[in-house]
Amino acid sequence: MDSTHSADSHHLIPYRAYVAVWLALVSLTGVTVGVSYLDLKHAAILVAVVIATVKCVLVILYFMHIRYERPVFTWILVTGFGSFGIFLLLTFADYFYR
Amino acid sequence: MLLASRDIVQKTDEAWYWLAGISGVLFVGIMATLVYFVFKYSRKRHPQAADIHGNLKLEVTWIILPTIISVFLFYKGYEGFLLMRNPPENAYEIDVEARQWAWTFRYPEGGVTSSELYVPVNRPIKLNLTTPIDDVLHSLYIPAFRVKEDCVPGMWTYMWFEGDKVGTHNIFCAEFCGQDHAKMLSLLHVLSQDDYNEWLDKKIADRFKPVEAAGAMNPDSDEINACDAPRLYKTYCASCHGADGQGGMVEGARDFRKLEKWKQGTSILDIFKTLTKGVDGTQMRAFPNLSPWDRFAVAHYVASFAQKGRTDSTLEDCAQLIAEYKLDKPPVVERVFPIDAAMEEMAAEAANR
Amino acid sequence: MSGSAAIPDDAGHPVPDAHPGHHDIMPYDPVGARMGMWLFLLTELLLFGAMFIAFCMYYIQHGWRFSLGSQELSTAMGGANTLVLLTSSLTMALAIAAMQRRNTRLSQQLMNATIVCAVGFLVVKAFEWGGKFAHGLYPTSDHMAELSQGEQIFYSLYFVMTGFHALHVIIGGVLILWVKRRVTKGLVTTDRLVMMENVGLYWHLVDLVWIFLFPLFYLIG
Amino acid sequence: MSSADTAPALPKLSYLNEQKGLKSWLTTVDHKRIGIMYLVMILIFFVVAMLLGLAMRLELLHSGKQFMEGTTYNTVMTLHGVIMIFLFIIPGIPAVFGNFFLPIMIGANDVLFPRLNLASWYFYMAGAVLALISVALGGVDTGWTFYVPYSGATDANLLIPLLAAFLLGWSSILTGINFVATVHRLRTPSMGWFDMPLFVWGLYATAWIAIIATPVVGITLVLVLIERFMGIGIFDAAKGGDPILFQHLFWIYSHPAVYVMVLPAMGVVSEIIPVFSRKRIFGYKFIAISSLLIAGIGSLVWAHHMNTSGMANWGRVLFSFLTFLVSVPSAVKVFNWLATLYKGSIKVDPPLLFAFAFLFLFSIGGFTGLTHASLSTDIHIHDTSYVVAHFHYTMFGGVGTMFFGAMYFWFPKMFGRMYKRSTAFVGITLFFIGFNCLYIPLFLAGLNGMPRRYADYLPEYASYHAWSTVGSWILAAGILTMCVNLLQGVRKGKPAGPNPWGGSTLDCDVPSPPPTHQFEHVPEMTHGPYDYHHHTTEEVTA
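Residue numbers (the numbering used here), protein chains in the order written: chain Y, 959 to 1056; chain W, 3 to 355; chain G, 974 to 1194; chain U, 12 to 553.
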């Protein structure tokens, strides 16, 4: 059972690391709300999505431990997000040119 | 003409023959090889199999060859497609409305409509397709000209073709649309220019029958009944004024059941004028696309929402209005005529002179 | 069980089975279980992804009318909910970290905090939706029918997407309650933690979806 | 099933009879038993849908109404499509043969999540039961594509069939998750990625599509339900929605779904051809990787289904190009199979004949697919009976044929008995003749403009339809022969022994039928999955 145990308990991440990530997430939320008051027209949605993506990566890497999992997990994620991205892009090929 | 529809047919068929030819050769080749191997290397003749793992050169060859063929065939299809999606600018435009389960073709001249499509020969025809917002998808398909396009609610799509000889062809609905999908058929009549003119003249004459006061004022007259006022009202008025004339579907749309404060009067003739000219400063627009008989029919229908208290007009008033708008003789309908055809005609006239 | 017990562990070596002879009990394979969970999360992602695709395409078609709709939504409420969810994500991650350190009591308290956040989120959401309904802004309402098509589709998407998200919050909350019970009963321990980790992953996914929903709906006005 | 132990040469105990009684089946977590349970249900639904198909052909025997009204025909057509696609061909090979053989072929005793596996079966059954309930309520007439706005407008009860499709989607998602995780975690330690049998590669690629694409269609169908029952108009043009977006979301799943169907079938072909030509598969890595490429590129081509839908012209061009590209990995597979036969030692047994039938029919399906990828020709033949024929050549001629091919190949392993060889040949021949007689006329009718989903047709198409209907009878006779042969084989076939075809994959090392617990020890990979020379080389070194 020892080896099973070692399979399960990866890095013990210090509590304060989680809190630091949380602080970063909260401040990014503040930034995205703040930016929304600037009059950016259609760029607003792009900025919002970029900030959201950064937040998303933080959550995935630290809260969801992907940084400490083996590489195959990253590949699984890349496949999923990549497919979504490609679906989105290819659908744009219709709507942009309508 | 730079692009003619017979080129659509030709390009499409050409692409098809390329596809069928290359596919056929490959298919027969594969199957022949298969049969040959099965006989040549049957266990009886060839008891010990060779030990071959693979061959990189062969693999690369049969990756690159199909890729080249694919790109070539893609291009062949693209050529015809380019033609199909770029109608000539001087194309004769006809609007198509599909609904369960019938086609309505609307011509540019004076709102003429028909349920079968009539077009002049040797003239590019552009069809603008749509479906009413509460209907379902349809697809107009003319196999003889290899063209097809869906009719989508709330959207305009298009296609074009050109008939190169006089004849009649099938029109199908190709997008599944329910119970009578298989019966949603129509015909395409390609007519000579003269026959087409004759047909159009007759349709226009039917549509712009000179108006007489007695018929226009009597809601039960044959002419009024022929106009199908309920359908016209539903199509053009109900979205703002409501199915029961209650108004208020958009801000300021009048309630036809109450007769207070009508800006331009409440009589049949007043409503007719409103339909003809619209109301300035409001969303009420004019409806020149409706024939005079249509407008009288709608006016009667609108007036019927409020039975009591309406001021009636007399036959004399009506006669006066008919004279004012010159409704007693058929109007001159402007023909949509391609520039090059007009030039040719003028040249011919000049030559005759 | 020796045959299928050939679970490669982290190093790729087979792990001897804890229950030899019992075919129907699979060996404990935390990496496999997490992998399964991640694959499941991908399906959730694509499920919301389809709705995000719809959102983007309609945004292209209706652009500024979406902004009109967005102005009607309360940034304060949305922002508050964002903070609540982020905090709940933190407490859930900390709860797992506490379990890894064999601190069961702290872990349970942190899970309680997570559930409180979940309930708080739902309460704010209920007020928000309630406000919309009170203004006659709900599907099939007359007021909704009078709006422009762009605003109609914006609110349709708003109700559907935040609705599905709220459903996931509820499911996630129930899962956390369930896993907390298992911790209490001693079924989830530091050595067999994967069940709790997977619930945690699910909860973070709920957070992830909201991270995108919040700016797209509340901040484009 | 337990009658299997009467024959002397069969193993006394196998997964079939180690436990007895219906309950032991319904609560089993054994991947082999779950595979058999899928097999039974899938065959039942196949026969039902086949009868519906025969009824449609009979209605179309002559022009004019025979015995079905428009709506009745549309309902029968929808049911035929829904059952064949969601209950037969999508789960078909993965759920039956994947469940049974994937763990055995990678040297595991079960899938990674056995209870989830059973849950998938119950999801399948729940979907199936709902589908049957919807039939009892009068069926639906929307076509299996459930296109809006018609699916929002029809009078038919849509709630139950859409829920059924949703549940069936979950069934295949869960199976997909199970397969991917199993391949990653449970391969016997000595088996590297490129030591896996190609059938496993096919299943692996398929499972990925199921995971990635199925949720998209799942939520789309739910959105249609929400639109219909709660008045939220996501796709309703009157409320600012776009009906074409539904088609995008629908085909994002439903086009890759055809690869979900066909990749496992190609995997079976890749197993059969080397075994019967006693020769290592040619270009193993190319076949394996082409499976992934087909899955990958195949996910990017969905909008060629919408070539006339009114989407933007440049979108159509892009998707046409991508569609052409997907033909390349398919071609690579076909060429490699051919090369495998070269200098082999070929014995034409029934499974190999099925593989040849697959090559013939699927090639026709593939080549006619090019006419759909090509922009201008597709505009002409889109939504005509040409599509119907093309689709049936790939799906039925390809996947359906290989479903039966897999049956005839693995039947001895699954039941420990052999079917009648001569009857098998009769069955395949009838199947093959009937199939071509049924669908070739539809190609021709389509080229001449016969639209699809028509309950009736103009007299000029009469002869095509008459031929086609006659073909449907021959085809049905062939399928009947094939099924009866197998059923008789289950009951009184001769014992087959552990390795009747002389294969080299791990499943050939376990008894037929296998015991519940198939591997007592962790199996060692002493030779590759297609290494038919290993006996001789071992003897030589000894």
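Keep in mind the hints are simulated off the structure, nothing from the lab. A few of these clues could be false.
In the DSS-like style, the derived pairs of lysine-lysine whose C-alpha atoms are separated by at most 30 Å in a straight line are [what the hints assert, rightly or not]:
#, chain 1, residue 1, chain 2, residue 2
1, W, 46, U, 431
2, W, 128, W, 211
3, G, 1105, Y, 999
4, W, 185, U, 431
5, W, 260, W, 275
6, W, 205, W, 331
These stretches of chain G come out as covered by chain Y in the derived footprint (C-beta under 8 Å, 3 or more residues) [stated by the list, open to error]:
#, segment
7, 1001-1009
8, 1030-1042
9, 1049-1059
10, 1062-1075
11, 1154-1161
No residue lacks a Cβ here, since even glycine has one placed at the ideal position from N, Cα and C.
Here's how the hints hold up against the structure:
With a C-alpha separation of about 22 Å, the suggested pair residue 46 (chain W) and residue 431 (chain U) falls inside the 30 Å cut-off, and the hint holds. As the CA atoms of residue 128 (chain W) and residue 211 (chain W) are separated by approximately 29 Å, the hinted pair is consistent with the 30 Å bound. Annotation: proposed proximity of residue 1105 (chain G) to residue 999 (chain Y) holds, straight-line Cα distance about 25 Å (limit 30 Å). Taking the CA atoms of residue 185 (chain W) and residue 431 (chain U), the gap is about 49 Å. The hint is violated against a cut of 30 Å.
Between residue 260 (chain W) and residue 275 (chain W), the direct Cα distance comes to roughly 19 Å. Compliance with the 30 Å bound is thereby established for this hinted pair. The straight-line distance between the Cα atoms of residue 205 (chain W) and residue 331 (chain W) is roughly 15 Å, inside the 30 Å bound, and the hint therefore holds. Remark: the segment 1001-1009 of chain G is confirmed as covered by chain Y, as 6 of its residues place a Cβ nearer than 8 Å to a Cβ of that chain, reaching the required three. A stretch counts as covered by a chain when three or more of its residues have a beta carbon under 8 Å from one of that chain; for the segment 1030-1042 of chain G and chain Y the count is 5, and the coverage holds.
Closer than 8 Å: that is the beta-carbon criterion, and the segment 1049-1059 of chain G has 4 residues meeting it against chain Y, so the requirement of 3 holds. Residues of the segment 1062-1075 of chain G lying with their CB closer than 8 Å to a CB of chain Y number 8, which satisfies the three-residue condition for coverage. Counting residues of the segment 1154-1161 of chain G whose beta carbon lies closer than 8 Å to any beta carbon of chain Y gives 0, which falls short of the minimum of three for the stated coverage.
Hints 4, 11 from the list above are not met by this structure, while the remaining hints are.
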